[in-house]
Amino acid sequence: MVKFPRLKKFLAKFYIYLVLLVMYLPILVLMIFSFSPSDTLGNWDEGFSFELYGRLFRNEALMTAVGNTLLIAIVSAIVSTIIGTLGAVGVFYSKKKTRKTVETMTQLPVVNAEIVMALSLAVVFKTLNTSYSFFTLLIGHVVLTVAFVYLNVKPKLVQMDPNTYEAALDLGSTPWFAMFKVILPEILPGILSGFMIALTLSLDDFVLTQYLKEPSFETISTYIQKIVTKHPIPAEVRALTTLLALAVFASVILITIYNNKKANVVVKGRRK
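Throughout the sequence shown, residue numbering follows our numbering, covering 874 to 1145 in sequence.
Bear in mind the hints are in silico, worked out from the structure with no lab data behind them.
Treat the numbers as computed from the prediction; the structure is a model and nothing was measured.
Idealized CB from N, CA, C, for every residue including glycine.
Treat the hints with caution; some may be incorrect.
[As the list claims (entries may be wrong)] In silico DSS-like pairs for lysine-lysine, Cα to Cα no more than 27 Å straight-line:
#1 LYS968 - LYS1086
#2 LYS1054 - LYS1134
#3 LYS999 - LYS1099
#4 LYS1086 - LYS1099
#5 LYS1086 - LYS1103
#6 LYS1086 - LYS999
[What the hints assert, rightly or not] Label pairs and their computed distance ranges (CB to CB):
#7 ILE955 - ASP1077: 41 to 51 Å
#8 TYR888 - LEU992: 32 to 42 Å
#9 THR974 - ALA885: 47 to 57 Å
#10 LEU903 - LEU1057: 37 to 47 Å
#11 GLY1045 - ALA885: 47 to 57 Å
From just these sequences and the hints, can you work out the full model?
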């Protein structure tokens, strides 16, 4: 059998670069055209300019949608992170049967179609005669994201030495003190990753938001959907998406650096 190690290596690298190109080229193109003030994509007759960024901050309706999006995303991510983290810790120290059941149940929101979740929650709120509001939307976003936080925290708990918590209790710590001083520092990388995923999912969500929001409450996704039914997408959206992408990239890089430093500290500690 003839082997082609160089060809295999080339094809492997080519495939990786191709996947990265497909993933990031549209974002890069959008970033480049955010510096073109023309409403027509690809038109550089007016030259390089930051005009779209100025127009973005002068667009009151769009900025209101941005504020609403950030508000619901940050609040729901915080709530999901708290619930998901405490749930993961509680399940980790539960009996094996309980742990298996909960771990199976947490997979359902991840694989379940979002439209099914949205319709189910809408039916529940209608049955309870609850008016759609920020609170109903918050519940929907928490239901959507809490499982992702749990699934990010759980592996960090598995990696942690299970005797550390018991040792803290034996030394006189209260359960809550041991929780905050022993467990949370160990699983913090998983908590941060879960928070970022919850935040990103909430920022990106359209289906749940469309079904559970009050009529006057617009997020970025619902605002753009409402606009494109009658008008072209505003050019300043290119500037907005560029800023959001840069913010997400920066957050991911910072969390990755922190996680790597944390992992290196753990490895060095074990070697000693």
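Verification of the hints:
Straight-line distance between C-alpha atoms of LYS968 and LYS1086 comes to about 39 Å, which puts the hinted pair past the 27 Å bound. Annotation: proposed proximity of LYS1054 to LYS1134 holds, straight-line Cα distance about 19 Å (limit 27 Å). Taken as a hint, the LYS999 and LYS1099 pair is honoured in the structure, with Cα atoms around 24 Å apart against an allowance of 27 Å. With a CA separation close to 14 Å, the supplied pair LYS1086 and LYS1099 stays within the 27 Å bound.
Distance restraint check for LYS1086 and LYS1103: the Cα-Cα separation of roughly 21 Å lies within the 27 Å cut-off, and the hinted pair is therefore satisfied. Between LYS1086 and LYS999 the CA atoms are separated by roughly 13 Å; this keeps the pair inside 27 Å, and the hint holds. Taking the beta carbon of each, ILE955 and ASP1077 are about 21 Å apart, not inside 41 to 51 Å as hinted. The given range of 32 to 42 Å is respected by TYR888 and LEU992, whose C-beta atoms sit roughly 39 Å from each other.
With their beta carbons about 41 Å apart, THR974 and ALA885 fall outside the hinted range of 47 to 57 Å. Against the hinted window of 37 to 47 Å, the Cβ-Cβ separation of LEU903 and LEU1057 comes to about 38 Å, which satisfies the hint. Judged by the Cβ atoms, the range 47 to 57 Å given for GLY1045 and ALA885 holds: they are separated by roughly 55 Å.
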